[in-house]
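With the hints as constraints, model all of the structure from the sequences given.
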Amino acid sequence: MPCYKATGQQHDSTRPVTLVRSLFCWLFGLALIFSPPAAIAGVIVNPGVEGRSISTSSLRNIYTLRQTVWPNRQPIVIFVLPDDNPVHEAFTKEKLGLYPYRLRQIWDRLSFSGMANIPIEVQDENEMRARVRSTPGAIGYSSKDTAHDGIKTLTLE
Amino acid sequence: MMASRRSRWSSLLLGGLLTTTAATADGLVDPRYHIQGFAAQALIGSTNNNFFGDSKDSISTGFTEAGLHGYWQPFDALRLSGQILYRQAGESDEEGLRLDYAQADWQFYRTETTQQGIKFGKVKLPYGLYNETRDVPFTRPSILLPQSIYIDNSRDLLVAAPGLVLHGSTVQDYGAFDYSLGWVRPDFDSEAVEYVVLGVNRPGNLEGKETIGARLRWETPTDTTLMLTYADASADYQPGSPDNLRAGKFEYRNVLASFQQRFDTLTLTAEYGEPHSKLSGFGPWLPDTSRVGQTYYFQGEWRFHPAWELMLRYESLYRNKDDKSGLQFQAATGLPAHGMFTKDWALGLRWDVTPSWMLRAEYHHVDGTGWLPGLDNPSFAAREQRWNMWLLQAAYRF
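Protein sequences, first through last, are from chains A and B. Just so you know, we're using this note's numbering here: the first sequence kicks off at 43 and counts up by one. Just so you know, we're using this note's numbering here: the second sequence kicks off at -3 and counts up by one.
For the record, the hints were derived by calculation from the structure and aren't laboratory data. Heads up, some of the hints might be wrong.
Said to hold, decoys possible - For the chain B half of the interface with chain A, some residues (derived, Cβ under 8 Å), not all of them:
{"no.": "1", "residue": "PRO27"}
{"no.": "2", "residue": "GLN99"}
{"no.": "3", "residue": "GLN168"}
{"no.": "4", "residue": "ARG287"}
{"no.": "5", "residue": "TRP353"}
What the hints assert, rightly or not - Beyond 12 Å from chain A on every Cβ pair, some chain B residues (computed):
{"no.": "6", "residue": "THR43"}
{"no.": "7", "residue": "ASN44"}
{"no.": "8", "residue": "LEU121"}
{"no.": "9", "residue": "PRO122"}
{"no.": "10", "residue": "THR129"}
{"no.": "11", "residue": "ARG130"}
{"no.": "12", "residue": "TRP179"}
{"no.": "13", "residue": "SER186"}
{"no.": "14", "residue": "GLU187"}
{"no.": "15", "residue": "GLU203"}
{"no.": "16", "residue": "SER237"}
{"no.": "17", "residue": "ASP284"}
{"no.": "18", "residue": "GLN326"}
{"no.": "19", "residue": "ASN373"}
{"no.": "20", "residue": "ALA378"}
{"no.": "21", "residue": "LEU388"}
Here a beta-carbon is modelled for each residue, glycine too, at the ideal position from N, C-alpha and C.
Next up, the structure:
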């Protein structure tokens, strides 16, 4: 059920089929709100963290609090931006394949039952970079894919 | 005995929280502690029966929840956590402020993919999908959890209990797998629980015995959650004086199967259980009974906008699978048949106004009084089979 009109094809909006199609297109349009174009976020870590790349599944396991230590057993410290921050939204959707609300739900269920500590929320990207730079075992993300002093960027496998 | 145990838990938790607060002054640079909390107020209106206060043909403000949660990790392998909860729910829960839980969790094995730990104290009980955070409004799919499975009347049994829980988790290519195995002593000593077990509040007390609980969960790479919970509990009745009941025994056993599938913005959930319950030795006033119930719900949640969610659920509870209509029960006891079942259609809307504020509205169309709170509706004769209920809730978090 395509949401676009083929050239020359005529639609009568009172036809039931077209109404159903309009409804679907409207719903589909709503779904699009979930994925606004935003800067692609890269994964950054504290320079003490070993390795140059990270797998998508490992990144997802870290942010869903299932993986709590790095391969050398150093504890992972997770940094995030607020739920409604566009860079956070881009990161969760594009890198983790999860909506911010879903991630928050996972964190809430684990943290309020005492099974995990929730990620540390920072106010903006400057603070994110500063905290990742200064915290051993830290992981975060950045909208700028450029090199920063004292921060390591991981490539996604 | 009970009181002294409670105060010991409280001082342990408060000690932990105070230490944490002092440390917060350092400027929140240390990721080892965290404090968070929530507060929520509901308005409830209903027809024919009361729910959490005088809601019948009126508006009840009797459902209030607030919590302060603390987490502290003094060493990599040790996690302390606890929650102080304020809860009022009409006549059914007038306890107000209480220690919800306070636990120490020692993670004795931790690698990139696998964790093993043991937690002890007043621990959260693993039961189904929502029990461990049942009082945190933001984690629930609706204002009221499906009562057929998470019946609020017997919440004291399910919330938390002194004991220990062995737990572990692993992430592999086939998905994430975790288990909990608990040995606890649940709290039967509350009016609401007596209502559920004995049908009415009696002069004596129910004393919980050691209980075994287990939960297995598998989250597949296809965004499916499969879970099994096993619970086995019992309580001894200590008659009061005067009391026409003898020192009887209550036994309970349940296997709960949970399923959840997530498709993009749509989440489908179902849980099913057949609770076995048995009363014996209470004497002629409360004949021995052994029955198998049937409880389940189907639920859909649709996040149709980043801040808006629609929920539709059908739930059903039968106290006796072999007497779903309750007519045999009515013939035997003279009590209304509709107390033996409940079928509920619920429709809910959630709006996350900001990351800190949430507003919810919910409507229930109910047939039966199987999970109607007894303390809010003390007269059996006045309870009506068909009733409707709406709820509004505002919740804040920090």
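Next on the checklist: Hint by hint, where does the structure go against what was stated? Just the numbers, ascending.
Outcome noted: Hints 3, 4, 5, 8, 9, 10, 11 are the ones this structure does not satisfy, whereas the remaining hints hold.
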